[in-house]
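Student: What follows is the residue order along each chain.
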Amino acid sequence: MAAIDAHFRRDWPGFSLDVDLHLPGRGVTALFGHSGSGKSTLLRCIAGLERAPQGRLAVDSEVWQDAGRWVPTHRRPIGYVFQEASLFAHLSVMGNLRYGMKRVSDAQLVSLDHAIELLGLGHLLDRKPDRLSGGERQRVAIGRALLTQPKLLLMDEPLSALDRGAKAEILPFIEKLRDHFALPIIYISHDLAEVERLADHVVLIDQGRVVGAGPLADVQSDPASPLARSREAAVSLRGVVEAIDATFGLIAVAVAGGRLLAPAPAASVGEARRVHILASAVSLAREKPGRSSILNVLPARVVAMNPLDAVEVVAAVALGEDGEGARLLARMTRKSWEELGLAPGQNVYAQVKSVSLDAGRAEGAKN
Amino acid sequence: MKGTNMLTDSDLQAIGLTVRLAGVVTMILLLFGTPIAWWLARAKTSWKGPIGAVVALPLVLPPSVLGFYLLLAMGPHGPVGHLTRTLGIEPLPFTFRGLVLASAFYSLPFMVQPLQTAFEAVGDRPLEVAATLRASPLDAFFTVAAPLAAPGFLTASILTFAHTIGEFGVVLMIGGNLPGVTRVASVQIYDHVEALEYTQAHRLSAVMLIFSFLTLLALYAWRPNPKNGG
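These protein sequence lines map, in sequence, to chains Z and U.
Mapping of the first sequence onto this note's numbering: position 60 corresponds to residue 60, and the numbering continues sequentially without gaps.
Just add 1000 to wherever you are in the second sequence, counting from 1, and you've got this note's numbering.
Some hints could be false.
[As the list claims (entries may be wrong)] If you only want the chain Z side, here are some residues facing chain U, beta carbon under 7 Å, derived:
#1 Leu49
#2 Thr73
#3 Tyr80
#4 Gln83
#5 Tyr99
#6 Gln149
By construction, these hints were calculated from the structure, which means they are not laboratory data.
Just so you know, even glycine gets a beta-carbon here, dropped at the ideal spot from N, CA and C.
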């Protein structure tokens, strides 16, 4: 299996980058952090656009950089999508799409026609970039990068320069890339919702250092991770649709260690879906609650706790009486935590007030 | 022989020589000025300042000073003179080739500076994009940087051509005044005035004036579209 080993160290005035990373060579890896945290610099180092003198980079066991070796950017089999589409202003959409394609030998990943169809570019081919909307430009930039038949796709906040409408237009295309191609993607973002929707693996970057890395659900459910401190802290779980209750418009989704009821307009049994549960939507009880409007009450075991501030704490619980299932975060006051006498190892009931599902897609092929 | 209401043969010969000189110099500077401008636009070394200043020198130096040094260099005791003797070529002073070489130095900033500005305006990003699309640096120069800087190439060529047409001091120092070889229009006008042939001087001067005005008009009236897209 392909994998990426990266080690970079470089000092700039007022900023230093020092990372040691091992990334899976499949799925979407999100580099998440504030602006100025060094995510873009790291991505540029991987692309060879920036050079960290003390660095080592191997992709798919091919060395792109070490003490005695430097593969220049144009010889690295990458695709790169910049924050601004950066289309060539002197070329039409077709000219832009063909620019990289002409320079590689064959189309193992995607053909020109396929890329045009996938990204819905058919009616734009003769236009110049200045006659395109922001979303259209970014779609062309994605197509142009794909047509170089990359072994690794690097995306530097491809949505952040776009308005909400254009974002909503592009996200499904990126999901298609993830689901239809065996192409590892490294995706930079500072938008948690984007990461939760797209990523399989997360690397948290702060001040040029890696402060957390792992599968999305693991990083999300670690109460000590910076993600858990966010107001929007949530976990994203892989689930499979088990049953459909058409009378109430609900579906039952099985996740590791439990079963959740969630509203869903469309689903079919056996389908894989991503389930999002906010830390603020989960409360814990020592005894099984009586009749309540909350549909989802699941046995779980407390795994860890981290105080957020003087008032609030965030706890991780693992579903199932044995505490072996998927992990959720629960945010509560410190007062509640202490009065209930909660502690790691304790069995509790997790009450989940709301569960949301992603738009729905085939995820069966993965993991 | 003096024409009654038109330019004389020697005037026409001088104009022809002037246009030829300007054309050759423009070609040569496109070839040599482009890499210099590219380097000045992209290099990140402290050499950039001194080299930029040397390139800009002809803008402020009296042409006679430049011409004097070039004459010394091309003369029998100068380095260029040594080179031509070693190679068995005719010495450069008072030849058309000598004039071309001197004019190229004199017009260098008119080629380099507009190109440098154009290359700087292109910026790093299109070249980075080209690199991620498998284009080698040379490939990216010809397929991305040069097309994006096309208006700069046009401006630089027009300015170089026009400026070479108008030079006088350097020509006089290097080329002297040999009809058909080094006697360009500006020198011809000087000769007419020296000989008190004011009518001839008027006619040739008017031709030069109109040409220069039209050139500059073309340059100022023609504005490239503001760069957009991407």
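Student: Hints first: check each against the structure and report whether it holds.
Tutor: We went through each hint and held it up to the structure:
With a least beta-carbon distance of about 5 Å to chain U, the hint placing Leu49/Z at the interface is held under the 7 Å criterion. Interface hint at Thr73/Z: satisfied, since its Cβ lies 4 Å from the closest Cβ of chain U, which is below the 7 Å cut-off. Interface hint at Tyr80/Z: satisfied, since its Cβ lies 4 Å from the closest Cβ of chain U, which is below the 7 Å cut-off. A distance limit of 7 Å between C-beta atoms decides the matter here; for Gln83/Z the minimum to chain U is near 10 Å, and the interface restraint is violated.
The beta carbon of Tyr99/Z comes within 5 Å of a beta carbon in chain U, closer than 7 Å, and the hint placing it at the interface holds. Using the Cβ-Cβ criterion of 7 Å, the hint placing Gln149/Z at the interface with chain U is not satisfied: the shortest such distance is roughly 10 Å.
In the structure shown, a violation is registered for the earlier hints numbered 4, 6, in ascending order.
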